[in-house]
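Chemist: Listed below are the residues making up each chain.
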Amino acid sequence: MNRMGRTGLAGAGVLAVAALVALVAPLLIDADSLDVTRVTAQAWQPPGAGHWLGTDHTGRSVALLMAQGTGTSLFVGLTAAVLSVGIGTLVGIVSGHFGGLLAGTLLRVTDFFLVLPALVLAIALSTVLPRGLGTIVLAIGLTSWPSTARMVRAQTLTIEARPFVERARALGGGHGHVIARHVVPSVVPLVLVNATLAVASAIVAESTLAFLGLGDPTRISWGAMLHQAQLHGAVPQQAWWYLLPPGLAIVVVVLAFTLVGRALEAVVTPKR
Amino acid sequence: MLELKNLSVHYGPKRVVSEVDLTLAPGQTLGLAGESGSGKSTVAMSVLRLLPRTARVEGEILLDGDDVRTMSWGRLRAVRWASASIVFQGAMHSLNPVRRVGDQIAEPMRLHGTRGSVTELLEQVELPREKARAYPHELSGGQRQRVMIAMALACGPRLVIADEPTTALDVVVQAQVLAVLKRLVAEQDLGLLMISHDLSVLAETCDDLAVMHRGELVERGRTREVIANPRHPHTAALTAAFPVIGDPAHRWADPAPAPEPLLQVRDLVVDYGRTRAVDGVDLTIGRGEIVALVGQSGSGKTTLARTIMGLRKPSSGRVIFDGAEVARSGKALKAFRRQVQLVLQDPSSALNPRHTVFDAVAEGLRVHGLADDQEAQVTAAVERAELRPASLYLESLPHELSGGQQQRVVIAGALVLRPRLLVADEPVASLDASVRGEIVALLLRLRRELGLASLIITHDLGLAWQIADRVAVMHQGKIVEQGSVEQVLLTPSHDYTRALLRAVPQV
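These protein sequence lines map, in sequence, to chains P and H. When we follow my numbering, the leftmost residue of the first sequence carries the number 44, and every step to the right adds one. When we follow my numbering, the leftmost residue of the second sequence carries the number 2, and every step to the right adds one.
Simulated from the structure, these hints should not be mistaken for laboratory data. All values derive from a computational prediction rather than experimental measurement. Backbone N, C-alpha and C fix where the C-beta goes; we use that ideal spot for every residue, glycine too. Heads up, a few of these hints could be off.
As the list claims (entries may be wrong) - Cβ-to-Cβ under 8 angstroms is the rule here; a few derived chain P residues that face chain H:
hint: 1; residue: P206
hint: 2; residue: F207
hint: 3; residue: R210
hint: 4; residue: R212
hint: 5; residue: P228
hint: 6; residue: P260
hint: 7; residue: R262
As the list claims (entries may be wrong) - Computed Cβ-Cβ distance ranges for the label pairs, DEER-style:
hint: 8; chain 1: P; residue 1: P232; chain 2: H; residue 2: V99; range: 49 to 55 angstroms
hint: 9; chain 1: H; residue 1: Y273; chain 2: P; residue 2: H220; range: 22 to 28 angstroms
hint: 10; chain 1: P; residue 1: P232; chain 2: H; residue 2: E188; range: 51 to 57 angstroms
hint: 11; chain 1: H; residue 1: P256; chain 2: P; residue 2: H220; range: 21 to 27 angstroms
hint: 12; chain 1: H; residue 1: A430; chain 2: P; residue 2: V295; range: 53 to 59 angstroms
hint: 13; chain 1: H; residue 1: E188; chain 2: P; residue 2: A197; range: 46 to 52 angstroms
hint: 14; chain 1: P; residue 1: H220; chain 2: H; residue 2: E401; range: 24 to 30 angstroms
hint: 15; chain 1: H; residue 1: V99; chain 2: P; residue 2: V295; range: 39 to 45 angstroms
hint: 16; chain 1: H; residue 1: R223; chain 2: P; residue 2: A197; range: 53 to 59 angstroms
hint: 17; chain 1: P; residue 1: G175; chain 2: H; residue 2: V99; range: 51 to 57 angstroms
Construct all of the structure, not just a fragment, from the sequences and the given hints.
Modeler: Printed below as a string of structure tokens:
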């Protein structure tokens, strides 16, 4: 197996572990151990026998918080990526296939979202909309679709120029037939690759929003942990165990998604 | 000057050229003929050691007595272009699109430190000197090919290798390019090794002819003798595949009774922006009749076909099918498209590479909601297109099939809807000589058995002679002459038809 395949496999392994933690953690972790009013441990405990990764400013175990936060980060990353890739694919295929005024309008809208700084727009959206996980997903999804739309449109245009599409039209095939039988199957591999890369950036975006205090305050996520750590003075306390684990976890999961995406890209792109 | 002794080339375990012996003296012109995969291009590329690393070359390649195989890198660089140069096939891909052609012609002179003038070279190939400042896309196909020839002559080589130099060009332009090449070879006493699948092109240019088949040299001799008395069956097949206009033996169509009209085109005009591609065309195709629409590239014949199919909207004029005007949209257009089917030039791109033969053939049935008994209908159509037994092919993907088989799949995909008219755009232009004959025979058999009418669009007058009942000649968007095949091709009345006929290379 080539190098690309090996790194992709390593990425997939990391993701499998992360997914397992995300699924199992809520079942195993006792709600009391994450409730600030019921925890018994001291605040700011360094890593030790009782708490593998120490405790936070309220005495909760950082290891448990990490496990609990995995699910939120992955959930937001995946749903936001699906939303953004979904919008992007739809806009891309429609503007590539139909052309004309409709395509012009869609492309101008795409350009509008492309030039807006995505993070600023996401911040603005999450301050205006009611707080919650849905808002975060929506904010990320609505700001990150333009690049997918551009790419899908380009692929649609190349496919539409091929003689077999002309043949399909001559056979009597309408828009639905051409899109469903010829355009979508050739766009899907590209979209899948793009989706894995979009998950990575969505996780970063979620962490950023949460770190800025715009996340769902009732849920624990890696970004929210960083926000808490910064807010309650982890740095003056020299509590590195509260800052490093969520930061590293974000880096590792994002890297894993990127590696898987690159490996998939190598698989679906023909060598010739 | 050039001597190949016992040349064999292997790619891995596969032998593509076996034990070829060839000699070429200065001033001699040698044509190397063969179908795709016969190894003719491999032989040509081996002369300048241009084969990929994976090729294993055995035997001797002597260029002026020096073995190219064992030359040092520096010596090889000196020999390339200065002693022998190549006119590559497909000038569009061999020229750099972002550099002026003058700079590109000058490039080998700069690399070799030879003196010379680009203007002089352009004059030799009959191009005006201003063209040196043009970019490749500003030139026509024939002009680009002449630039390639000028480039090959830049360092004054004694041997020129031309690899399918006219394949993508239409007859008139092909005749011009061949004339330039022939004159230069005679004037400068060059050796010419010309590679082509088209015997008539080689007969036009070369004194000697060598025929390759499956990597072996099967025949070699004076061009006239080889073509007149082929000794090897493959050579005979190649010569038979190129129809001679006027020869009754090459006329395969049976005389058809005067038919009643099936499709009528009345005063059709199609504009592309400000250019008028089709300019007031009247054309009638009868039931079961085969009409050839001939003309050069850019004459508007493909646009006319697209418009008849309803793939393009006409600016004015009418298309009448079976007594009723063809609808421009909606259900009526869809129903019309069931009756009229399209066969495209390049079968490898006309099939979706992801669809199996079954899916490709069944596509029309699915579009028209005729899905009941799909399997039987697809099998019948595939067998009609002479892919037997169908079960062997149904699950194949296009890239697993040969060009001829792919074209049969395209034809099967059209037949499955039981059309009454087939519009075929250069149906055999991208196929090998032997396959070409089979496809032509297939089209004629379909007419005989199913009463299928065809509109064949082609720049190949030989094909028109072979297959058509009537010929329409198109020039600059207008039909300048139409009538029965004999009348148009044997006693042409329009100057343009005469010019087209003159340009056809004669075997």
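Chemist: Does each hint hold? Answer for all of them.
Modeler: Now the hints, each set against the structure:
| no. | hint | result |
| --- | --- | --- |
| 1 | P206 | 5 angstroms, holds |
| 2 | F207 | 5 angstroms, holds |
| 3 | R210 | 5 angstroms, holds |
| 4 | R212 | 6 angstroms, holds |
| 5 | P228 | 6 angstroms, holds |
| 6 | P260 | 49 angstroms, violated |
| 7 | R262 | 43 angstroms, violated |
| 8 | P:P232 with H:V99: 49 to 55 angstroms | 31 angstroms, violated |
| 9 | H:Y273 with P:H220: 22 to 28 angstroms | 26 angstroms, holds |
| 10 | P:P232 with H:E188: 51 to 57 angstroms | 56 angstroms, holds |
| 11 | H:P256 with P:H220: 21 to 27 angstroms | 41 angstroms, violated |
| 12 | H:A430 with P:V295: 53 to 59 angstroms | 57 angstroms, holds |
| 13 | H:E188 with P:A197: 46 to 52 angstroms | 50 angstroms, holds |
| 14 | P:H220 with H:E401: 24 to 30 angstroms | 25 angstroms, holds |
| 15 | H:V99 with P:V295: 39 to 45 angstroms | 44 angstroms, holds |
| 16 | H:R223 with P:A197: 53 to 59 angstroms | 55 angstroms, holds |
| 17 | P:G175 with H:V99: 51 to 57 angstroms | 53 angstroms, holds |
Consistency with the previously given hints fails for numbers 6, 7, 8 and 11, ordered from lowest to highest.
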